[in-house]
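Start from chain A and add chain B according to the hints.
Protein chains in written order, with the numbering used here: chain A, 1 to 331; chain B, 1 to 290.
None of these hints come from the bench; they were simulated from the model. Bear in mind the structure is a predicted one, so any value in this text is a computation, not a measurement. The beta carbon of each residue, even a glycine, is placed where N, CA and C say it ideally should be. Hints are supplied without guarantee of correctness; some may be wrong.
Sample of chain B residues at the chain A side, in silico, Cβ under 7 Å [unchecked claim]:
no., residue
1, I16
2, N89
3, V128
4, V186
Footprint (simulated), chain A over chain B, 3 or more residues, beta carbon under 8 Å [to be verified]:
no., stretch
5, 30 to 43
6, 210 to 217
7, 263 to 273
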Amino acid sequence: MVMTTLDLDETNLDTTSPPRRAAKLRSRPIGDRAFDLSIGACAVVPPVLILLFVIVLAYGAWPAIAEFRWHFLVSAAWEPNPDKEEYGALPFILGTLISSILALALAAPIGISVASFISEVVPPSLRGLLRFVIEILATIPSVVYGLWGVFVLAPWVMNHLAPVLSKSLGFLPFFSEPFDPRNMLCAILILTIMVLPMIVSVSLDAMRSVPISYREAALGLGATRWEMIRLAVWPSARSGFIGGCILALGRALGETMAVTMVIGNEHRISQSLFAASDTVASTIANQFAEAPSDLFTASLIELALLLFLITLGVNLIARLIVRRVAIGGAD
Amino acid sequence: MNSRRTIYRRFKSRTILGLMAFTFLLALVPLVSLLWTLAANGAATVTPHFLTASWAPVGENGGIAHAIAGSLSLLALASVVAVPLGLANGIYLARRAPTRLAHLTRLLLDVTSGIPAIIVGVFIYTVVVRREGFSLGIGFSMVAGGLALAMIMLPIFARTSEEAIRAIPRAVEEAGLALGLPRRRVILRIILRAAVPSIFTGLFLSLARVAGEAAPLLFTAFGSNDWPASPLKPVSSLPQLLFDYARQPFDELVRQAWGAALVLVAIILLIRTATFVYLRWRYSKGASIA
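Excised from the complex, chain A in its bound form (with noise of 0.2 Å):
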């Protein structure tokens, strides 16, 4: 299989015509080509990397796949009684769905807002400066943010967010009890916290990438500093924020271990925000381990399965749209 690649590669590496190509190959010296061959077989590594992914989780899901089809999607049973084992999918799905979109709609007006004010507002000198301390956010562990939550964010949410919401709009079904110590809402803030740094980075991006003369043109003609922001720079940085916005929800969709630790894991479908709930990454944190049966392992991996397949489409979708963004976060 190796050797396949390996010709595949050499023909792909040249583009000259074959005459040429010939007569090159004679010159080129012995260890060129074998540089240039082992250059393009590590190429070709991350490729097979995402294909053996596939193939690896839909095996090691197979069991759970060829037992419950498609009803692993929409079941909400999740039954290790080795009498009649269930499983299903639903209750998670939703969760991971929920936190992801209400994250994001929080996350991103603030990032887009907080992109904008670096870009045209703060004298140029300072861009760098507040940049980097608004990528900190993205710099600070998962774990970490996940420590943080439990014991500041969850008290925060219980003892003054939730009463709150509840008196004011406790008639939504979304803001009635049970209250949990740890709930939905929790994860959804905390996934807003995380994600925003990467809409605010892709979003600056875009904006910086505007034509500093459509600002001039906008100003010449009279614009206030906001009329330019709205009519000359968001226009042209739209793909940005919406590639921005989808990376985050990506990044949202995965998030596991602060989630993990501020969601409450409870299985359960429930309309409120203050109720314990779990999404798919948390659920495969919490419960992988300690799997009691083969096909408790072969569910849970294809949970796994799942989510990999959601955020690469998302992913790739994302990066399609916003063709040039670094990562790494080097300024």
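Chain B only, in chain A's frame:
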């Protein structure tokens, strides 16, 4: 000139810019709160003893040295895998004439960096740890944890290496070729050498990113109360110790979790700040930034 409409428009602009400044401050609230509680809860715990002692039963004043050693060995192992592979990918992606494979690889590297870390853990568990099925069957081990971290490190390091190599002026490459050096020598001896500072910056950034990961280690490195002994044995790490201790009912362990969090964040912020200052310094000297 100053009609009421103009005054209104200026007022509106100022208000909205003020709101933007407010959202910026709002975003800082959790950061300040987090760093403050870390310092307040962790500072008293982090003593020389805490940093040099290994695990001990609750009540006997243990430390986190075994987890620090575990983290370092996991990171070293991850680097051994991810650095050569990432450099090779960086060289390939920075070619002057990109192939179709290069575009695909770059896209998939970026996509890989978005795969949830927990799924990398499940993947490595299935192919390396598990005793049955289509697997190496090594069991919970440092090797498995290092491989999981390497998979998360690879896309970040490969892309920063690509940028580092790309930033070397074409004239340098052409000068080498014109002297009759074979291409591989030009790449390995001239271009890579010139890109070394940026490559190291990328390495530190990717290590800082990976050092805080707990999710991929849960079912690979698994955690342990002992010093790292063998690559084939389970090993502890700072983020995982933090996660385990934070769920314990003992105040002492929770306090140790805060201490471990403080150490972890201090290391990561130190690396990030150092690279930030270094890049600014290079930038101000007119060098290109990677």
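Tested hints:
1. I16: holds (5 Å)
2. N89: Since chain A brings a Cβ to about 6 Å from B:N89, closer than 7 Å, the hint holds.
3. V128: Status violated, d = 10 Å.
4. V186: violated (10 Å)
5. 30 to 43: holds (count 7)
6. 210 to 217: holds (count 5)
7. 263 to 273: holds (count 5)
The structure is inconsistent with the numbered hints 3, 4, although it conforms to all the rest.
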